[in-house]
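Sequences listed follow chains A and B, in order. All letters in the first sequence, in the order written, are residues 1 to 301 by the UniProt record's numbering. All letters in the second sequence, in the order written, are residues 1 to 416 by the UniProt record's numbering.
I should point out that these hints are in silico values taken from the structure, not numbers from a laboratory. There could be a bad hint or two in this list.
Per label pair, the in silico range of CB-to-CB distance [what the hints assert, rightly or not]:
#1 B/L212 with A/E179: 35 to 43 Å
#2 B/Y206 with A/G106: 49 to 57 Å
#3 A/N202 with B/E217: 33 to 41 Å
#4 B/E274 with A/E71: 24 to 32 Å
#5 A/E104 with B/N40: 22 to 30 Å
Non-contacting residues of chain A with respect to chain B, defined by C-beta distances greater than 12 Å in every case (computed) [to be verified]:
#6 Q48
#7 L85
#8 V89
#9 E124
#10 K141
#11 T233
#12 E235
#13 K242
#14 D262
Okay, derived cross-link-like pairs now, EDC-like style, lysine to aspartate or glutamate, Cα gap no bigger than 20 Å in a straight line [what the hints assert, rightly or not]:
#15 A/K174 with B/E402
#16 B/K251 with A/D14
#17 A/K107 with A/E236
#18 B/K272 with A/E200
#19 A/K55 with B/D363
#20 B/K266 with B/E233
#21 B/K378 with B/E310
#22 B/K231 with A/E200
#23 A/K55 with B/E233
#24 B/K365 with B/D350
#25 B/K34 with A/E270
#26 B/K266 with B/E255
#27 B/K116 with B/D169
#28 A/K174 with B/D323
#29 B/K365 with B/E354
#30 A/K161 with B/D323
#31 A/K55 with B/E271
#32 B/K365 with B/E314
#33 A/K174 with B/D401
#34 B/K268 with B/D292
#35 B/K304 with B/E293
#36 B/K326 with B/E274
#37 B/K272 with B/E291
#38 A/K55 with B/D237
#39 B/K268 with B/D254
#40 A/K242 with A/E213
Keep in mind it's a predicted model, so treat the numbers as computed, not measured. We treat Cβ as the ideally placed atom computed from N, Cα and C, and that holds for glycine.
Letter by letter, the chains look like this.
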Amino acid sequence: MSNIQWQFPRALEDEAIYILRETAAQFERPAILFSGGKDSITLVRLAQKAFHPGKIPFPLLHVDTGHNFPETIQFRDWLVETLGLELIVRNVQDSIDQGKVKEETGKYASRNALQTVTLLDAIEELKFDACIGGARRDEEKARAKERIFSVRDEFGQWNAKMQRPELFDHLNGKINIGENVRVFPISNWTELDVWNYIREENLAIPSIYFSHEREIIERDGMYWPYSSFLNTTEEEVPFKSKVRFRTVGDMTCTAAVVSEADKLEDIITEILAAKISERGARIDDKRSEAAMERRKQAGYF
Amino acid sequence: MDVLRITTSGSVDDGKSTLIGRLLYDTNSITQDKLEALHNASKRKGLDFTDLSLLTDGLIAEREQGITIDVAHIYFSTPNRKYIIADTPGHFEYTRNMVTGSSTAQVSLILIDARKGIVEQTYRHYYIAQLLRIPHLVVCVNKMDLVDYEQARFDSIVNDFKQLQANSDFQAQTIQFIPISSIYGENLVTNSDKMAWYSGTPLLPYLEQIELDFAAERPARFPVQYVIRPKTEQYHDFRGFAGKVASGEFKIGDEVVSLPSNHKSKIKSIEKFETQLSSAHANDSVVITLEDEIDVSRGNLLVKSSNIPEGLKEIAARVCWMDQQKLTPGKALLIQHGANRVKAKVQSIDFVVEVTTQRILDDKKELGLNDIGKIRIKTAQPIFADAYEQNPANGTFILIDEFTNATVAIGFVSEA
Numbered sequence: 001m002s003n004i005q006w007q008f009p010r011a012l013e014d015e016a017i018y019i020l021r022e023t024a025a026q027f028e029r030p031a032i033l034f035s036g037g038k039d040s041i042t043l044v045r046l047a048q049k050a051f052h053p054g055k056i057p058f059p060l061l062h063v064d065t066g067h068n069f070p071e072t073i074q075f076r077d078w079l080v081e082t083l084g085l086e087l088i089v090r091n092v093q094d095s096i097d098q099g100k101v102k103e104e105t106g107k108y109a110s111r112n113a114l115q116t117v118t119l120l121d122a123i124e125e126l127k128f129d130a131c132i133g134g135a136r137r138d139e140e141k142a143r144a145k146e147r148i149f150s151v152r153d154e155f156g157q158w159n160a161k162m163q164r165p166e167l168f169d170h171l172n173g174k175i176n177i178g179e180n181v182r183v184f185p186i187s188n189w190t191e192l193d194v195w196n197y198i199r200e201e202n203l204a205i206p207s208i209y210f211s212h213e214r215e216i217i218e219r220d221g222m223y224w225p226y227s228s229f230l231n232t233t234e235e236e237v238p239f240k241s242k243v244r245f246r247t248v249g250d251m252t253c254t255a256a257v258v259s260e261a262d263k264l265e266d267i268i269t270e271i272l273a274a275k276i277s278e279r280g281a282r283i284d285d286k287r288s289e290a291a292m293e294r295r296k297q298a299g300y301f
Numbered sequence: 001m002d003v004l005r006i007t008t009s010g011s012v013d014d015g016k017s018t019l020i021g022r023l024l025y026d027t028n029s030i031t032q033d034k035l036e037a038l039h040n041a042s043k044r045k046g047l048d049f050t051d052l053s054l055l056t057d058g059l060i061a062e063r064e065q066g067i068t069i070d071v072a073h074i075y076f077s078t079p080n081r082k083y084i085i086a087d088t089p090g091h092f093e094y095t096r097n098m099v100t101g102s103s104t105a106q107v108s109l110i111l112i113d114a115r116k117g118i119v120e121q122t123y124r125h126y127y128i129a130q131l132l133r134i135p136h137l138v139v140c141v142n143k144m145d146l147v148d149y150e151q152a153r154f155d156s157i158v159n160d161f162k163q164l165q166a167n168s169d170f171q172a173q174t175i176q177f178i179p180i181s182s183i184y185g186e187n188l189v190t191n192s193d194k195m196a197w198y199s200g201t202p203l204l205p206y207l208e209q210i211e212l213d214f215a216a217e218r219p220a221r222f223p224v225q226y227v228i229r230p231k232t233e234q235y236h237d238f239r240g241f242a243g244k245v246a247s248g249e250f251k252i253g254d255e256v257v258s259l260p261s262n263h264k265s266k267i268k269s270i271e272k273f274e275t276q277l278s279s280a281h282a283n284d285s286v287v288i289t290l291e292d293e294i295d296v297s298r299g300n301l302l303v304k305s306s307n308i309p310e311g312l313k314e315i316a317a318r319v320c321w322m323d324q325q326k327l328t329p330g331k332a333l334l335i336q337h338g339a340n341r342v343k344a345k346v347q348s349i350d351f352v353v354e355v356t357t358q359r360i361l362d363d364k365k366e367l368g369l370n371d372i373g374k375i376r377i378k379t380a381q382p383i384f385a386d387a388y389e390q391n392p393a394n395g396t397f398i399l400i401d402e403f404t405n406a407t408v409a410i411g412f413v414s415e416a
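Hey, can you work out the whole structure from these sequences and the hints?
Set out below in structure tokens:
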């Protein structure tokens, strides 16, 4: 394995910092969409760098599905405390209680799609005109078509055919009332870039990214974390195994990989050798070839 | 590790998406689950081979119609460098997306179908690569398998292209012709046995050895994006100017001028997070502090006092028009240059270029969607731009429609 693949291309950091500064300058009230996953942790680091020695000029917004890994929530609270950030949490459970969304049923039930409604409500309530997300174009092919400043209409919808052209590094954040923008500073990063950055910057990440013993079940050739949120059948008997997670989503839609990797170096080695893509472990994307595009049209970030 | 940005262009069905799919496949950048999804999607379409083009056509409408509509960004790495491909649509009606995808590229990759030779789109793509001054051009003559890998066919296309190139006003652009078959992977990663007559380098090794020019000799330009004033106890009097160096180099002690105020000062520090730097270069995102308390805010431009650009209130520029609504003289717009955004009015349209023939149509006085032409703009406040040919990083702007807020044009500042 070549050493070069262990290097983070620093031009990507300069680009992301430039985007964050444009966001702070062009919008009234931006927020960072924070999930507690590695991509949003990277965003927080970049924002810290972009405005140093000043404070990060935006709050973090976490749309909590209630089905998060407890380790992620612990980590979130620790990070907010340590860096002195402002955190705003909105709960999918509230949207369910208000009758705005309906809990899915069956063994594949997940709250992943429901969070869009909670997110759109939060944007309206808190009057955010820009939401900064950690989505990357390499994740999924509908995301490969995303702009850096992606304009959403009043209903949060993404219109793939009517996107604003983005030329050189000119970013146009002018919007009409009711519209808002999703900002993607790490659009051009790959999964490997993010891991190399975390390693070079020595960033803390939730423990579930590292190998640990956990109760899992096997379903459709994947390992699912066993929890009270997961609807299981009688044949699906939980068993213990050493696993880790490549991506942090809900406990109901994030598959585990069997792994002994307990250091960042081992994780990177594993990714370089991996046969399955990162979103291949996201059960929500497996629903259909166009699953992501349809969710984005509906306002998913 | 450096990053090489490539734009790919081609006409409908000339195998662009297949080529990219192939590059990903041959550099082991496609994971097993994505490959399986491709096999299944190909089967559903009734194909008896794995259609690698399905990998890049990310939108439902694109897969339905079998064409590329929007710019897609695709990534792969070799042990040598990281590659970013902006895969752009070949259809005429999506030319604006092609300009978009080309705007950050160091390499323009043009595909020509060996059976068809140079077609209308080839002229368009070549013109855009010239207009944008993309330093390197790679012309891939594809589908060589369908012309029996015949050298004569390749040579004839190369000759046609060289005639086109002879008329170009950008002779500094490097150019490489490669005969390929993207569907069979011929001349992509290794030399093809089927075209032993080709003595040049295959595509990927060619891309690997392209040298990036960082143009250190350009004038120093620093558009101020954001003013950092922490007002904390520790940094009570700190006033830093955050931005990304557009071009040239800034060092501590350099005498700088802030435009448009013309106030002078010296660089006190250059900071990148907790690191103190002695200098900053093109594309570095840094914070600059000055010795004196002069008035500097977002939209201002810091330059070295040894090379100050002229403040332009009348700008001549080549533009690519990107809106459905036609541009006519008298139109009021916003011009965004660096972090500066001011009101502007289009005074005249000098001419429209018929891109496929490069003919100047000076009787045409409006610009339609996808048209490229030369216009004159009057601005409410001076714009401190350089001519694009002299300093590309400070020589472009976008035009914004004040009512729809859409980005309606990209402009390249001309010398007159």
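Hints versus structure:
1. B/L212 with A/E179: 35 to 43 Å: Holds, since B/L212 and A/E179 (Cβ atoms, about 38 Å apart) stay within the stated range.
2. B/Y206 with A/G106: 49 to 57 Å: holds (53 Å)
3. A/N202 with B/E217: 33 to 41 Å: holds (37 Å)
4. B/E274 with A/E71: 24 to 32 Å: holds (29 Å)
5. A/E104 with B/N40: 22 to 30 Å: holds (25 Å)
6. Q48: violated (8 Å)
7. L85: holds (15 Å)
8. V89: Its Cβ never comes within 12 Å of chain B, the nearest being 27 Å, so this holds.
9. E124: At roughly 20 Å from the nearest Cβ of chain B, A/E124 sits farther out than 12 Å, so the non-interface label holds.
10. K141: Violated: least Cβ distance 3 Å, not greater than 12 Å.
11. T233: holds (24 Å)
12. E235: holds (24 Å)
13. K242: Correct as stated: the minimum Cβ-Cβ distance to chain B is 22 Å, above 12 Å.
14. D262: It holds; A/D262 is separated from chain B by about 23 Å at its closest Cβ, greater than 12 Å.
15. A/K174 with B/E402: Holds, at about 9 Å.
16. B/K251 with A/D14: holds (18 Å)
17. A/K107 with A/E236: holds (11 Å)
18. B/K272 with A/E200: Since the Cα atoms of B/K272 and A/E200 sit roughly 16 Å apart, the hinted pair holds (cutoff 20 Å).
19. A/K55 with B/D363: violated (56 Å)
20. B/K266 with B/E233: Not satisfied, since the Cα-Cα distance of roughly 25 Å exceeds 20 Å.
21. B/K378 with B/E310: holds (15 Å)
22. B/K231 with A/E200: Not satisfied, since the Cα-Cα distance of roughly 30 Å exceeds 20 Å.
23. A/K55 with B/E233: Given pair A/K55, B/E233 holds - Cα atoms ~13 Å apart, limit 20 Å.
24. B/K365 with B/D350: holds (7 Å)
25. B/K34 with A/E270: Cα-Cα ~18 Å, so holds.
26. B/K266 with B/E255: holds (4 Å)
27. B/K116 with B/D169: violated (26 Å)
28. A/K174 with B/D323: holds (16 Å)
29. B/K365 with B/E354: holds (13 Å)
30. A/K161 with B/D323: holds (13 Å)
31. A/K55 with B/E271: Roughly 16 Å between the alpha carbons, so the hint for A/K55 and B/E271 holds.
32. B/K365 with B/E314: Cα-Cα ~19 Å, so holds.
33. A/K174 with B/D401: holds (10 Å)
34. B/K268 with B/D292: holds (9 Å)
35. B/K304 with B/E293: The given pair, whose Cα atoms are some 17 Å apart, holds under the 20 Å limit.
36. B/K326 with B/E274: With a Cα-Cα distance of about 49 Å, the restraint between B/K326 and B/E274 is violated, given a limit of 20 Å.
37. B/K272 with B/E291: holds (18 Å)
38. A/K55 with B/D237: holds (15 Å)
39. B/K268 with B/D254: holds (9 Å)
40. A/K242 with A/E213: holds (4 Å)
Taken one by one, the earlier hints fail for this structure at numbers 6, 10, 19, 20, 22, 27 and 36, listed in ascending order.
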